[in-house]
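Colleague: Residues per chain are reported as follows:
2 protein chains.
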Amino acid sequence: MRRKEGNKEEDILKAATEVFAREGFHLAKISQIAEKAGLSVGTVYLYFENKDHLLQRIFETLWEGLLDHSQKLIETPNLNALEKIDGIVDVVFDTFAENPSLGAVFQKEMHHVSNLKHTPFRTYFEQFISIGEKILAEGREQSLFHPETNLHVAVSFIFGGLRFSVHQWTLHPDAESLVIFRTGIKKIIRNGLSV
Amino acid sequence: MRRKEGNKEEDILKAATEVFAREGFHLAKISQIAEKAGLSVGTVYLYFENKDHLLQRIFETLWEGLLDHSQKLIETPNLNALEKIDGIVDVVFDTFAENPSLGAVFQKEMHHVSNLKHTPFRTYFEQFISIGEKILAEGREQSLFHPETNLHVAVSFIFGGLRFSVHQWTLHPDAESLVIFRTGIKKIIRNGLSV
DNA sequence: CCTTTAAATGAATTTGAATTCATTTATAAT
DNA sequence: ATTATAAATGAATTCAAATTCATTTAAAGG
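In order, the protein sequences belong to chains R and H. Quick note: the first sequence uses my numbering, first residue 40, plus one each step. Quick note: the second sequence uses my numbering, first residue 40, plus one each step.
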């Protein structure tokens, strides 16, 4: 019998990420993805049930990576809440630094994915938010943070800011601007704008 | 001859905003919009060239309002940079407080609109960003802000945070949480999380 | 070097909603 | 009242792209 050559599933996901990043999910054509992956339209359907599932798998991998690293981070001893927040910023930027297209897809298509039926994506997002809230609550207990800050508001603001900044960074994803974004964002989260 | 009853154009835009907010642009059906506006599918096309133009008009009105108010704000004498930033937060929340669905559409569909050909939307966004950068530069000159903060990073982060927070607020758009979001966000932008 | 069968192909089919347009309705002018 | 015509309707058409599947290709086992 014939055997599979290379790793087509991976090739397809990589191609899909790039096409979704450039075109957006709805304008992306399966034919474009197939071409970029170097195979035919029909083959895409041997590996993925449909277009939605492609996006779903991309987000699944992404979220699992983010949550896994974040979970390890908050369990690290000898880190205070401020250091953990810096760690979260690093987790996010490290994730997207190795794959800038993923940052664009994350910014553009998260809402589409969370609307899909039969997906655990609202749960993933909620877990991430809940990790954020844990860190902030911890910081408050350690008297590092303003006690009156509303957790939900703070986490929403930081999540949105981080996500959009990553997206902006992906427009010119070089190493130098990566450092500027990372450090700039950490500084704002800690100290805000004012002196 | 027959004359137009009421303001159908307005009815359609209002209905479209609600349907786009709930379903997202691509899943929204013209038939749903027509039904919610209390008229037929064909009538929608008497008032708008196509589905894209509906979204386009919604964003046009939205951006013009935001830019107009922001422009007036930065020209107001006797406001320092910190007060101007508070003003921007207020402009944004005032805009969406009177129409929470607009906040959801703004968060979900901005990327679709900026991909449309023949639209000035990248320009609108750039103008808004440029207003933000002006305020930050001013604050730096007034020695109110950390001199080393990167303007582009700070503005991206704040824009993203503000946009996503508004979207989160629209999920439970009551007056009490509005105040909590407004004040919480202003505080974080000024002072960050740490004491 | 056949034979078997999994893998791959891409043209043909299906689908589903955007858009159109022939027909109907309602108002204003005469 | 009648007529002219703008406004409105919604069933029929169009269209583009997702999905399918009959056919072809190529590796592995005998």
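Everything labelled a hint here was simulated from the structure, so no lab data went into it. Please note that a few of the clues may not be correct.
Which copy? The list can't say, so a pair holds if one copy fits it or any two copies do.
In the DSS-like style, the derived pairs of lysine-lysine whose C-alpha atoms are separated by at most 30 angstroms in a straight line are [as the list claims (entries may be wrong)]:
1. Lys68 / Lys156
2. Lys90 / Lys147
3. Lys43 / Lys75
4. Lys173 / Lys147
Colleague: Going through the numbered hints above, which ones does this structure break? Give me the numbers in ascending order.
Modeller: none
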